[in-house]
Amino acid sequence: MDRTRFEITSKQLIFIIVGAQVATAFLSLPRIAAAEAGHHAWLAVIIGAVFPLAAILFTVALLNRFQDADFVNVSHQLFGKFLGTLMVLIFVVYVVIFQSIVIRIFSEITCVFMLPTTPTCMVSLACTLSVVYAVSKGAKVIGRLNEFLFYILIVDILMIVAISIGKGSYLNLLPLGEIDINGLMQGSMKMAYAYAGSEVLLITYAMVQHRHEVLKASLIALGITLLIYLLVVIAGLMVFGHIGVQFITWPVITLLKIPYSFALGRLEIVFLLLWVGLGVKPVMNLGMTASYAAVRTFNLDISRFYAWIALAIGAGIYVLSLLPKNLLQVFVLADYAGYTFLAVSLGYPLLYLLVSAVRRPRSS
Amino acid sequence: MAPFFNRLLGRRQKPVYKPLPKEQQEKLSPSLGSKKKILDPYIQKNRDVIYREITIKADPGRRAAVVYLEGRIDKQVLYEEILKSLMLESDAASWQQSAADQLIDRISQTSLTIGEIKKVNLVQDMIHALFDGLTLVILDGMPEVLAINVIGGVQRTPEEPPVERTLRGSREGFIEDLSSNISMIRRRLRDPNLVIEKTIVGRRTRTEVAVVYIEDIADPEIVRNVKDKINQIDVDGISAIGFIEQFIDDNHYSPFPQFKSSERPDRVVMELLEGRVAIMAEGTPWVLIVPTLFVSFLQASEDYYDRPMLTTVNRMARYLAFIMAVSLPALYISLLSFQPELIPYELFVILAQARSEVPFPVLVEVLIQEIIIQLVVETGLRLPTSIGQTVGVVAGIVLGQAAISANIASPAIIMVITITTISTFSLPNYSMVLATRLIRILFVLATAIFGLFGFSLGWFILLTHLISLESMGVPYFSPFGPVRFRDLKDAMLKGFIYWFKYRPQSIPVLDQKRQGERNG
Amino acid sequence: MKLRGMRIVFILVMGSMLCGCWDTIDLEEFDICLVAGYDTPPAGETGKIAVTALLADVGEKSEKIATHSARTVGGTRERRAYSEARHYNLAQLQVMLIGKDFAQQDIKGVIDINLREPEVKSSVNVALVDGRVEELLQFMVEKNPRKTSQILINLLQTLPDRAFVPSTSLHELSTAFYTPGMAVAVPVLQVAQNQQGVEVTGSALFVNDRIVAQLDREETRALVLLSGRKTRGWLPFSLYKDGKLVDEGTAFVDNKREVEVSRQGDLIVFDIKVQMKGRLVEHMVAEHSSTLHDSQHLKEMEQAIARDLQLQMQDFIKFMQEELQVDAINITPYALAKWRREITPQLEQGFIEDVLINVEVNVILQNTGELG
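Residue numbers (the working numbering), protein chains in the order written: chain B, 2 to 365; chain W, 5 to 524; chain C, -6 to 365.
Quick caveat, the hints were computed from the structure, so don't treat them as lab data.
Take the hints with a grain of salt, since some may be wrong.
[As the list claims (entries may be wrong)] In silico lysine-lysine, BS3-like type, Cα no more than 25 Å apart, as pairs:
1. B/K168 / C/K270
2. B/K168 / C/K140
3. C/K249 / B/K168
4. C/K101 / C/K136
5. B/K168 / C/K266
6. B/K12 / W/K61
7. W/K61 / W/K49
8. W/K202 / W/K122
9. C/K41 / B/K168
10. C/K223 / C/K249
11. B/K168 / C/K331
12. W/K61 / W/K123
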């Protein structure tokens, strides 16, 4: 395996970013958004996008300053060998912790909806193994996979939109005025966490073949995510209302149980058939970036050690995912993980920008 | 998974290369006797090697001999154009004019009325030439031997290929003879840029292998890659194109065929025009087409000969067939024994009633039926057509009925397995049929563990695998992953012929343009 | 060698998973519950709830019922576990029936357990039984041992396509919980007067977790038309002129509703426009001379239908505002959409009784069939 396996097109970058963002989080999104922002939850989704937007702009601004935009190289250049490696490792550890929560939530949902008596650890193991398999194939394959799975996701989204039109009422979204600023702001903060995953850009930036397209691609990606979230939140509000939606843990799945469908029995089947492709994408994408960063920072032979590192990171994710005792604890942890996402995705580029401004004058 | 572990462990295959025996690379000595001595062991052991000494009219003093393999030559040509020419008609004047070292050229220029003659001066080449079927003319006092191509012998006449039948396509299929096959392609594709390069594979079988491509369309990178890989093959012998396929494919641990083979010259020509490379081998009526995409296993030649709107429907049906062939039994298991809530009520009642008498769990039921069907199919393949059909009918109908009335299988599972089998065989390519069989079993096992989740997991892994495959460096699952919208009109759909103004994007080519703008 | 080791580990892992098959079920080991009924416990039983399940016996191709009582719905499952031979499976639950006595107490537990259970779909049909569910089901199973569930499912699902009765799903019933000041209508079943089968007698209104009113068929029709649920059905009518019966007949119509909300000072005014479109199915002219080619006569018929319905609706609105004091016709969202902040606090204390609701009915008979 050579470096060409880690070259992606800007189109694939779009889908990698979308894939890293849109996963299990969007299943509970209407509930979380409506809890604070009421019937203006959809507005919170839009405002929440400001944080990842800033993160993307900072990241691009930072990496544009360097000839070799490889995150590991940049870290080493700015912080020296030891500190730079430490910074990369912190990022890797962040990915492992964050994705262990994603895997756990994914497995819990799987167990609730499909496999009530199967041990969660077995479900996590199966997912982690298949994710490691995908990660071991390299960034190019992951990019293609994300693109393919994105089109499949559209099927789900269309289904949700159709149900919300059929079973929901637009009245639940009105009036547009009467904004509760306080709640909206709190809701927007929570929504910002839902965009976790945009930090893949730190690593994937250097993999893109034409770097001048990166900014445009990542903004498009953010736009797509925003649109998906918007549709989902509006669907949740339309069908359940902003009060009703708060009783339901995963409104998006519950939504699918509502219509009586003549031929399929229940529409969840469509959703559950596509379930793995929907839920594990962030683990896959961020796992890939973490493995790549780890291999690069220790300067290992990528063809020999990348898959090993991927396996090790997968093992780390798996073990950590077993630790929380129950789902409520996972949700609490997910909230903390949301903070760390903001810290990493905004903090990293800002800190780097600061150091690079201090350490050397701007070069072309 | 195996290439993954391979990569984990950083394994590489060591090249094995065994040089030929040293003495055979020596040059021939001029005397006839010494050459005869080299050939003697072969002549004594093989009754089909004919060694005949002759006297040449132009130079009666010089000893000469003709050596050939009895069954491989066209005797009529040998007698008329070689023996008669040399023994009765050769012109002494022209022989004596030339210098000693040019004499051999002189002979072939003046005395042999044959098209293809080459000079051989190595021991090894002489022996190979003899066993490749050439006729040797050996002259005393000359270090070179003439190897003359008068290959003939019995050949099968071209017939309609039994596997890739079409209604409106040509009825001609490749045969075992390489040069006839090449002529079939040349006849259909008269482009001077059509290149046919030959090489020899197999130390002992010495099979002639031709690499065919259109020089100003095919990507030179792919052509080079193909030639390199074929030249690297070091094996004692190959007897079918399948050997080459296995030697040159990129991912050995994959159930999916990564190159397509075809028996139809019209099909091969179409593929060449799309910038692909064809590999042909002596002795096989199958031609390997490189690189091949997943979608081309679901395309049939017929698609291009009929009205696009109709063939689009056929093609969609084939995609459905692939999906069903892979996943229908798995879906049955996951719905019936994991998620019965997802079955529509009316269907549920029917399925549950059918299941209620059967003593086995659904998984065992599926596996039993699957194995039986595999055996029926396998039997049908090996037996002559008429008996095979009878066995199929007997096994299918009688066994199925008996199983239902004995309550060993439910009617539903018989239907599921039958539909699956029919779907499997509606795929146009047999390699793909085999692949779906294996994957189907894996899917059944995955759903037996995790139900619908296992089903979803299975498709995820299958997709990852398909997307990660490459055929000669070209992404195998294109145009679906990576998605290439331009090519989708010949993948999911079969568009109108004038839509294809450009060659497929998925395969790198030198010349993109295919049609004039004004078509359509 | 290392490679082989990895492979063996992988095969072992997969194999050990295969030994698991944790969730596989064999359908024949299950009692598959098709209809669940909720009653107060019969005399002599302790607890608060009796659950009657209509179970499919797939082997015998028949259906049977089983009743268990406990303090909660889950508690009845515990009881069942001890006394029944097979597992209890809710995967194909299609209909929930609520006994009238039980509905007057508290159905919160029923809603909670069924919404919480991923196996149960939210599109399960809900109906109220006038009497005891157990008796109704017992009656039906005796009449029709194989088709009870099918009859109930068809009855409840197709009802709105032929009568002005709502078909209520679990999802709709649950909205009555978290939406203050809102009532949900549920069809009411009972054993038919002639003891031949079951019949729908009208509907019942649920507010929060209990029933507040039972409506007869005419009231139900008014409610359905006012709430804008998509239904269609037959409307018999009589046309009087100068106090004399001129014509009598039936129309088959479907309905549509539009709501406009406005304010006159503090008073909120709802203008409900109900439009019904359909065809004339029959009419018997009392006076021999007139046919329908006389368009005036058709118009008079339309007006007669509209007038009757309008009166019924106005009665219902009065009943709703004065006695029920909840919004049974789903108009509050229109007001909320305009003045959400102002109205939300009022909903708990009663909002609907202080508004003005105007109704206008418009009937269009598009054709008259083959006869003029």
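With a cut-off of 25 Å on the C-alpha distance, tell me whether W/K61 and W/K123 pass.
-> Answer holds: W/K61 to W/K123 is near 21 Å, not above 25 Å.
Under the criterion that the straight-line Cα-Cα distance not exceed 25 Å, is the pair B/K12, W/K61 satisfied?
-> Violated, because 78 Å separates the two Cα atoms, which is more than 25 Å.
B/K168 and C/K331: Cα distance at most 25 Å?
-> Holds, at roughly 21 Å.
Agreement of B/K168 and C/K266 with the hint, judged by alpha carbon distance not exceeding 25 Å = holds, 21 Å
Can the restraint linking C/K249 and B/K168 be considered satisfied, given a maximum Cα separation of 25 Å?
-> holds, 16 Å
Holds or violated: are the alpha carbons of C/K41 and B/K168 at most 25 Å from each other?
-> Status violated; Cα separation ~34 Å.
Holds or violated: W/K202 to W/K122, with C-alpha atoms at most 25 Å apart | holds, 16 Å
If you draw a straight line from the CA of W/K61 to the CA of W/K49, is it 25 Å or shorter?
-> The given pair, whose Cα atoms are some 31 Å apart, is violated under the 25 Å limit.
Proposed proximity, C/K249 with C/K223 (alpha carbon, max 25 Å) | Cα-Cα ~7 Å, so holds.
Regarding the pair B/K168 and C/K270, is the alpha-carbon distance no greater than 25 Å?
-> holds, 23 Å
Regarding the pair C/K101 and C/K136, is the alpha-carbon distance no greater than 25 Å?
-> violated, 32 Å
Verify the proposed pairing of B/K168 with C/K140, using a straight-line Cα cut of 25 Å.
-> Given that 25 Å is the threshold and the Cα spacing comes to 30 Å, the pair is violated.
Checked against the numbered hints given earlier, the structure breaks hints 2, 4, 6, 7, 9 and satisfies all the rest.
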